[in-house]
Amino acid sequence: MLFTSYAFIVLFFPVVAILFRGFARWGFRAAGTWLLLSSLFFYGYAFPAFLPVLLLSIVFNYLMGWSIVRFRGKGSGLLLAAGVTINLAALGYFKYARFLADTFRPAWTLRWHLDAVALPLGISFFTFTQIAFLVDARRGLVRDLHPVRYALFVSYFPHLIAGPILHHREMTDQFKDPGRYRPRAENLAAGATVFIAGLFKKICLADPLAVYVTPAFQAGQPPGFWGAWVGALSYSFQLYFDFSGYCDMATGLSLLLGFRLPMNFNSPYRALNIADFWRRWHMTLSRFLRDYLYIPLGGGRRGSGRKILNVAVTMLLGGLWHGANWTFVLWGGLHGAYLMVHQLWSQFAVRRGWDRTKPSEIGRALSVAVTFLAVLVGWVVFRAPNIDTAWVVLRGMAGRNGVETVGGLGGVLWIRLALSGVLVWFAPNISQWMRAMNPYLDPTVPPARWQADLAWRPSWGWWLWAALLFWVAWVSAASVPSTFLYYQF
Amino acid sequence: MRRYAALLLLVSLGPLWTTEVWFRIHPQAFYFRPWEYFDDLAYRTDDLTAEWDGMEYGDRTRDNLFLHQEGRKTRVTTDPGGFRSIPRVAAIYPVVMHGESNLFGSGCGDSETLPWKLSDRLGLPVFNASRVDLYAFLGRKSMPRPTWVVDCVIESWLDARFDISLVGQRTEKLKYPTESAWTAENAVPVERYRFQNLLGRWCRGLWKDLGELHQAGYDPGRLARVDFQPYRRTSRDLEEPIRLIVKRKKWMDRHGIRYLFIPLPSKWVIEGPGVDPFTSNYTRELVERLRREGVPSIDLDPAFRAQAGKLKLFYDYDTHLNAAGFDLAAGEISDFLRGQDLSKGR
Numbered sequence: 001m002l003f004t005s006y007a008f009i010v011l012f013f014p015v016v017a018i019l020f021r022g023f024a025r026w027g028f029r030a031a032g033t034w035l036l037l038s039s040l041f042f043y044g045y046a047f048p049a050f051l052p053v054l055l056l057s058i059v060f061n062y063l064m065g066w067s068i069v070r071f072r073g074k075g076s077g078l079l080l081a082a083g084v085t086i087n088l089a090a091l092g093y094f095k096y097a098r099f100l101a102d103t104f105r106p107a108w109t110l111r112w113h114l115d116a117v118a119l120p121l122g123i124s125f126f127t128f129t130q131i132a133f134l135v136d137a138r139r140g141l142v143r144d145l146h147p148v149r150y151a152l153f154v155s156y157f158p159h160l161i162a163g164p165i166l167h168h169r170e171m172t173d174q175f176k177d178p179g180r181y182r183p184r185a186e187n188l189a190a191g192a193t194v195f196i197a198g199l200f201k202k203i204c205l206a207d208p209l210a211v212y213v214t215p216a217f218q219a220g221q222p223p224g225f226w227g228a229w230v231g232a233l234s235y236s237f238q239l240y241f242d243f244s245g246y247c248d249m250a251t252g253l254s255l256l257l258g259f260r261l262p263m264n265f266n267s268p269y270r271a272l273n274i275a276d277f278w279r280r281w282h283m284t285l286s287r288f289l290r291d292y293l294y295i296p297l298g299g300g301r302r303g304s305g306r307k308i309l310n311v312a313v314t315m316l317l318g319g320l321w322h323g324a325n326w327t328f329v330l331w332g333g334l335h336g337a338y339l340m341v342h343q344l345w346s347q348f349a350v351r352r353g354w355d356r357t358k359p360s361e362i363g364r365a366l367s368v369a370v371t372f373l374a375v376l377v378g379w380v381v382f383r384a385p386n387i388d389t390a391w392v393v394l395r396g397m398a399g400r401n402g403v404e405t406v407g408g409l410g411g412v413l414w415i416r417l418a419l420s421g422v423l424v425w426f427a428p429n430i431s432q433w434m435r436a437m438n439p440y441l442d443p444t445v446p447p448a449r450w451q452a453d454l455a456w457r458p459s460w461g462w463w464l465w466a467a468l469l470f471w472v473a474w475v476s477a478a479s480v481p482s483t484f485l486y487y488q489f
Numbered sequence: 490m491r492r493y494a495a496l497l498l499l500v501s502l503g504p505l506w507t508t509e510v511w512f513r514i515h516p517q518a519f520y521f522r523p524w525e526y527f528d529d530l531a532y533r534t535d536d537l538t539a540e541w542d543g544m545e546y547g548d549r550t551r552d553n554l555f556l557h558q559e560g561r562k563t564r565v566t567t568d569p570g571g572f573r574s575i576p577r578v579a580a581i582y583p584v585v586m587h588g589e590s591n592l593f594g595s596g597c598g599d600s601e602t603l604p605w606k607l608s609d610r611l612g613l614p615v616f617n618a619s620r621v622d623l624y625a626f627l628g629r630k631s632m633p634r635p636t637w638v639v640d641c642v643i644e645s646w647l648d649a650r651f652d653i654s655l656v657g658q659r660t661e662k663l664k665y666p667t668e669s670a671w672t673a674e675n676a677v678p679v680e681r682y683r684f685q686n687l688l689g690r691w692c693r694g695l696w697k698d699l700g701e702l703h704q705a706g707y708d709p710g711r712l713a714r715v716d717f718q719p720y721r722r723t724s725r726d727l728e729e730p731i732r733l734i735v736k737r738k739k740w741m742d743r744h745g746i747r748y749l750f751i752p753l754p755s756k757w758v759i760e761g762p763g764v765d766p767f768t769s770n771y772t773r774e775l776v777e778r779l780r781r782e783g784v785p786s787i788d789l790d791p792a793f794r795a796q797a798g799k800l801k802l803f804y805d806y807d808t809h810l811n812a813a814g815f816d817l818a819a820g821e822i823s824d825f826l827r828g829q830d831l832s833k834g835r
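Chains R and U supply the protein sequences, listed in that same order. Just so we're aligned, residue 1 is where the first sequence starts under the working numbering, counting upward by one. Just so we're aligned, residue 490 is where the second sequence starts under the working numbering, counting upward by one.
Simulated from the structure, these hints should not be mistaken for lab results. Source: prediction; values computed, not measured. Don't be surprised by glycine CBs; every beta carbon is placed ideally from N, CA and C. Hints are supplied without guarantee of correctness; some may be wrong.
If you want a taste of the chain U side facing chain R, the calculated C-beta under 10 Å gives, among others [what the hints assert, rightly or not]:
(1) Y493
(2) V500
(3) S501
(4) L554
(5) F555
(6) N686
(7) G783
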């Protein structure tokens with residue numbers, strides 16, 4: 001069930017929220033159980049065949065986590081290794097088995113053939129969430145092992161399919177808090193507003209850009225200079241609005257129920273360098289990769305050579321997490337290379353004694369432009385169905401496929417791209433806009449000077465805007481809503 | 490804060506819930522025409538009767554919101570097989586009428602349809618087999634062969650591209666009945682009652698209204714007429730229809746059924762300004778040629794032209810005949826059939 005679907009908005013969520021409020025007077029036992037059942041229904045509604053996979057994963061990881069906590073210090077490391085291995089094996093089977101078989105069959109002249117394995121929705125997200133739980137259990141960070149709370153933490157429907165990737169303690173502390181079950185007008189007002197902002201981003205900003213993306217990435221049709229740039233730019237904006245729109249909707253829905261989710265986007269295209277980009281884009285995945293992969297590998301504690309290697313490994317695996325395709329590996333590798341260059345440049349700047357803490361406005365703009373360009377090249381590789389196509393599009397962007405006339409592209413396209421650019425680079429993000437009623441677990445992001453007047457407050461003006469955005473999005477929505485891009489990961 | 494939250498939820502979810510409930514209680518309010526409703530909903534939902542008791546509007550102006558609307562309350566019912574109701578139900582029908590939307594009685598109540606009026610005039614059962622594949626229909630085990638089959642096709646359909654096999658076919662999506670008209674799929678088309686779809690339709694309609702008003706200098710008296718679909722016939726437009734109609738007559742002969750072909754008058758030819766002479770005389774020429782080929786046929790145009798100034802024979806914003814038009818046609822057809830043997834086949 002998609003957050004943008006009629007069934008979800010008109011029937012499912014209102015029923016869940018109203019009954020949740022009804023059950024909330026009896027505390028977590030009733031309300032939490034209701035939320036858990038609703039979440040399982042949400043997951044099983046479209047793909048009932050995958051529900052057993054989710055349930056099995058929850059039961060297995062709960063028992064492993066319980067055992068690690070119970071037998072801490074007495075073989076818990078072995079239990080953790082077993083738990084992580086089995087999780088990764090399950091993920092590998094569903095997500096990468098076909099890819100590996102296809103990759104190595106020619107080299108090893110394997111005779112066996114592996115049929116396509118259906119990929120359970122959200123498996124990457126709920127597997128990573130639970131690996132983090134097992135590691136936290138081993139680190140002694142897990143204090144609550146209530147089975148319903150655990151199952152709800154994993155399956156909680158606002159984040160289940162495409163994140164954010166949560167820490168166990170972030171949610172269980174909220175689930176335990178009796179204050180969360182009291183209805184608060186602030187949560188309703190902010191939750192509904194943030195949800196509407198996400199709905200608008202998805203339907204009115206992301207979806208219309210899809211028509212400009214597809215032609216550029218069609219195999220066998222090398223795009224010209226403008227076609228390649230339009231395709232790459234459109235995809236960069238489409239992916240951002242699609243995924244951040246999803247996250248806004250998830251945040252809004254969760255807030256309507258009384259719980260806060262961590263922030264997942266902080267204006268990533270305004271990043272001043274590539275390391276800054278990864279602190280702003282899909283922040284909970286970056287956090288996971290940092291806490292559970294980069295730091296355990298040694299992080300930056302073992303010299304600059306080892307640090308660069310750790311970054312490369314982390315980014316390659318982060319790329320592969322997105323899917324079983326060499327393009328994702330290359331994309332991860334490319335970002336690893338960017339980070340290495342950034343690291344070397346930073347060291348060089350420190351050695352030269354340059355003060356990079358207060359760049360000029362021109363310096364900032366240049367930094368943002370260079371970073372965005374690097375990210376843009378990465379998105380071409382990320383979006384392309386294969387490396388050959390990515391290369392063709394990049395050649396097109398360099399003008400090697402010829403330069404076509406601009407007139408054929410249509411005026412609406414430029415308006416869309418310009419509007420997207422203004423929103424991405426100049427408008428306040430949700431955290432800045434909603435700082436009067438912070439919808440996230442994280443602290444609010446201070447706004448720029450010119451953004452300060454645009455802060456949301458429960459006024460008639462903002463009410464009118466929210467209602468207008470809702471109806472513009474709703475009227476623009478296709479009969480069959482399009483799925484979120486990150487659902488495929 | 491409380492007021493903000495309550496009003497935002499109300500203004501966003503309120504209309505959606507209202508239309509959802511409204512649709513459940515009165516789905517006809519969301520349909521423009523009975524047969525849309527029948528196609529989409531009534532015959533796909535087991536417990537919904539195929540009965541329309543509501544408003545219909547001009548077929549040609551469905552994209553407008555306020556302009557050119559000719560609302561009329563109609564009652565449209567069908568039998569369980571999906572065939573339009575008739576006054577006399579029988580085991581064997583001496584006359585079966587076949588045709589397209591005009592014969593179904595688009596825009597008309599049950600008792601205003603051509604088969605109903607013909608049945609009243611003849612005092613005999615007349616079956617309304619509109620909007621079905623004729624050969625499949627005649628092959629039905631439950632329907633003994635009739636004495637007469639009367640094919641009624643609006644004259645505007647008869648041209649060089651005419652395909653007789655499409656007369657009566659509804660949509661490609663939904664094939665019409667042989668034994669039973671419908672397949673129950675229990676599908677409710679959510680697009681019909683989504684408030685955003687309604688809102689979108691209203692907005693587009695209002696935009697079209699405003700565009701037309703702007704073109705007319707905001708003088709409703711100068712609005713362009715939308716009730717005609719002008720066309721021009723040539724001699725090539727005679728050959729294909731005649732070939733196909735003669736072929737159908739021969740099939741009927743082989744199966745012992747008498748056959749009558751009636752080109753229903755077109756609004757453009759009867760009332761339209763500046764119709765060229767060939768198009769104006771097309772029906773007469775067609776009927777004469779058919780008769781020479783041995784196909785009984787009736788030219789209704791003279792009777793319609795004679796009454797055109799005195800009676801309104803077509804709907805205002807619609808190319809379909811209205812009750813008065815069907816009354817006139819039924820008189821002409823009954824005059825012809827009364828002189829024939831209606832009791833048995835050839």
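Hints and how they fare:
1. At about 4 Å, the closest approach between the beta carbon of Y493 of chain U and any beta carbon in chain R falls short of 10 Å, and the interface hint on this residue holds.
2. Contact between V500 of chain U and chain R, as hinted, is supported at the beta carbon level, the nearest pair being about 5 Å apart and thus within 10 Å.
3. For S501 of chain U, the interface hint holds, since its Cβ comes within 10 Å of a Cβ in chain R; the closest pair sits about 5 Å apart.
4. Because the closest C-beta pair between L554 of chain U and chain R is about 15 Å apart, greater than 10 Å, the hint is violated.
5. Against a cut-off of 10 Å between C-beta atoms, the interface hint on F555 of chain U is violated, since the closest Cβ of chain R lies about 19 Å away.
6. For N686 of chain U, the interface hint holds, the least distance from its beta-carbon to any beta-carbon of chain R being 8 Å, beneath 10 Å.
7. At about 51 Å, the closest approach between the beta carbon of G783 of chain U and any beta carbon in chain R exceeds 10 Å, and the interface hint on this residue is violated.
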